[in-house]
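The lines below spell out each chain.
2 protein chains.
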Amino acid sequence: MSNQQILLIDDERGISDPLSYALRKEGFEVTCSYDGQDGLRRAQSLLPDLIILDLMLPLIEGLEVCRQLRGDPRTREIPVLMLTARTEEIDEVVGFNMGADDYVTKPFKMKPLVQRVKALLRRPHLKEQSVDVVSRQGITLDRLHHRAVAEESELPLTPTEFKLLWTLLRQPGRTFNRNELMDASRGEDANAFERTIDVHVRSLRQKLGARAVLVETVRGVGYRFRDEPHESIPPEAAAI
Amino acid sequence: MSNQQILLIDDERGISDPLSYALRKEGFEVTCSYDGQDGLRRAQSLLPDLIILDLMLPLIEGLEVCRQLRGDPRTREIPVLMLTARTEEIDEVVGFNMGADDYVTKPFKMKPLVQRVKALLRRPHLKEQSVDVVSRQGITLDRLHHRAVAEESELPLTPTEFKLLWTLLRQPGRTFNRNELMDASRGEDANAFERTIDVHVRSLRQKLGARAVLVETVRGVGYRFRDEPHESIPPEAAAI
DNA sequence: TTGCCCCTTCACCAAATCTTAACCGCTACG
DNA sequence: CGTAGCGGTTAAGATTTGGTGAAGGGGCAA
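Note that the protein sequences, when read in sequence, are chains A and B.
When the count follows numbering that gives the first Met the number 0, it moves up by one through the first sequence with no breaks and lands on 239 for the last residue.
When the count follows numbering that gives the first Met the number 0, it moves up by one through the second sequence with no breaks and lands on 239 for the last residue.
These are computed hints drawn from the structure, not numbers from a lab.
Among the clues, some could well be false.
All copies of an identical chain are treated as equivalent in the list; a pair is satisfied when it fits inside any one copy or across any two copies.
Distance condition first, Cα-Cα at most 16 Å in a straight line; then the derived EDC-like pairs of lysine to aspartate or glutamate [as the list claims (entries may be wrong)]:
(1) Lys-162 <-> Glu-28
(2) Lys-108 <-> Asp-37
(3) Lys-24 <-> Glu-193
(4) Lys-162 <-> Asp-182
(5) Lys-162 <-> Glu-179
(6) Lys-206 <-> Glu-193
(7) Lys-108 <-> Glu-227
Construct all of the structure, not just a fragment, from the sequences and the given hints.
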């Protein structure tokens with residue numbers, strides 16, 4: 000029981016069985032569930048370290064399960080890896096902005112999937128690592144498909160704008176100075192006119208429309224993505 | 000930018016100037032010092048994230064500076080990058096085991112040096128890495144997010160005010176003279192009208208409202224942040 | 001090659017912020 | 001009391017910073 004626990008919710012035994020086998024061989028403790036309702040119940044009682052969730056499920060479908068997981072404070076933080084059958088479904092997932100942390104399309108290779116699982120589990124607090132989807136405040140970025148969605152409607156971002164937003168979105172609330180944004184958006188390269196960032200930010204804001212306010216200017220420093228939900232900054236924690 | 004701060008101690012302007020320029024362009028906040036004594040003082044008031052130290056210095060030579068930095072608990076953990084003129088000197092330095100964290104021989108290329116600097120800063124140093132959050136008496140400063148919070152409500156500080164408060168807050172009870180506060184808030188530049196600080200202190204106090212008393216005036220010397228584990232902060236007087 | 005898209009610069013403006021300097025009142029001390 | 005020194009206040013002027021419109025260049029596909 001000292002191992003990490005994974006809850007696998009999928010009704011297709013053809014998927015479920017080999018996957019659970021593979022995961023167990025990697026040393027994980029795997030619990031299987033074959034429909035949404037049961038999966039949800041187990042998630043809430045087990046509080047596993049990770050949930051692998053099929054999009055198409057009997058009784059309650061995957062998206063709804065995901066939504067409910069996110070709605071419950073006990074399960075809110077558990078990483079969810081979504082399995083989808085068709086590529087188009089991804090759009091749906093991304094579009095509904097259900098907060099899956101990553102997803103994989105079926106059919107999938109076992110190795111890469113296990114890798115993704117490990118990556119998600121390795122991530123302790125920071126939302127980083129090899130996550131391909133980031134989603135905040137109604138904006139979802141998928142860097143695999145290079146798609147940006149804001150509340151159903153797709154955002155036609157240019158590569159630079161995308162990387163910029165990706166960087167900001169990955170660490171909401173953190174302020175980045177123009178240099179950081181510079182080499183985040185433009186690979187390496189280094190020295191360019193810092194103000195270039197401003198121009199990109201501008202066009203980004205234009206495309207974000209009403210959501211433009213989420214990209215905040217921190218005068219004298221740089222930019223940051225608004226991060227409101229929680230307020231708690233460790234009070235007396237980091238004293239010298 | 001109240002981002003990472005570097006103290007550069009080197010008397011050769013031919014080295015010092017271009018290096019500080021390069022580092023600033025990378026987004027660091029650089030303070031220069033041109034002799035060992037001054038450098039040591041500044042290190043203790045600034046508590047920078049990194050110190051670049053020339054081995055050959057007027058007044059107090061580099062090794063001695065390094066030794067004293069290591070002897071002071073406040074500066075003990077700050078990474079030191081040593082600059083030496085000749086390769087043989089490195090052996091000497093290493094031999095004395097003064098605890099420099101890295102060495103670079105002059106002449107050096109700018110790029111690699113900046114790389115080393117970044118590496119040192121990235122490294123989760125001995126204990127905990129550089130402090131990004133400071134919190135005292137109900138006031139919390141977070142330089143990563145660039146947020147100042149006093150009892151739930153956010154303080155809209157200007158960059159200078161932020162740095163000022165950051166400096167005071169990091170060493171509560173310690174009195175800083177106006178020069179120290181000057182180069183803490185004004186990154187470099189040095190001798191401007193000292194009274195400028197007074198004006199900043201005033202606007203800082205205004206924004207602190209009831210907590211203004213925490214920024215104390217030490218007549219004839221400078222300012223300090225109140226340290227005493229104070230009991231109750233004025234209850235109703237919160238309005239400005 | 002042309003046209004289009006995207007990135008980068010540049011110039012200009014308004015707003016935010018910093019500095020300076022003058023004026024005041026308070027405090028310490030004979 | 002009287003005075004010098006020091007910090008508090010204020011307001012105006014100087015400077016910095018970010019927003020914006022537009023021009024120029026490069027890459028790429030038609």
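*Which numbered conditions among the earlier hints are violated in the structure presented, ordered from lowest to highest?*
2, 6, 7
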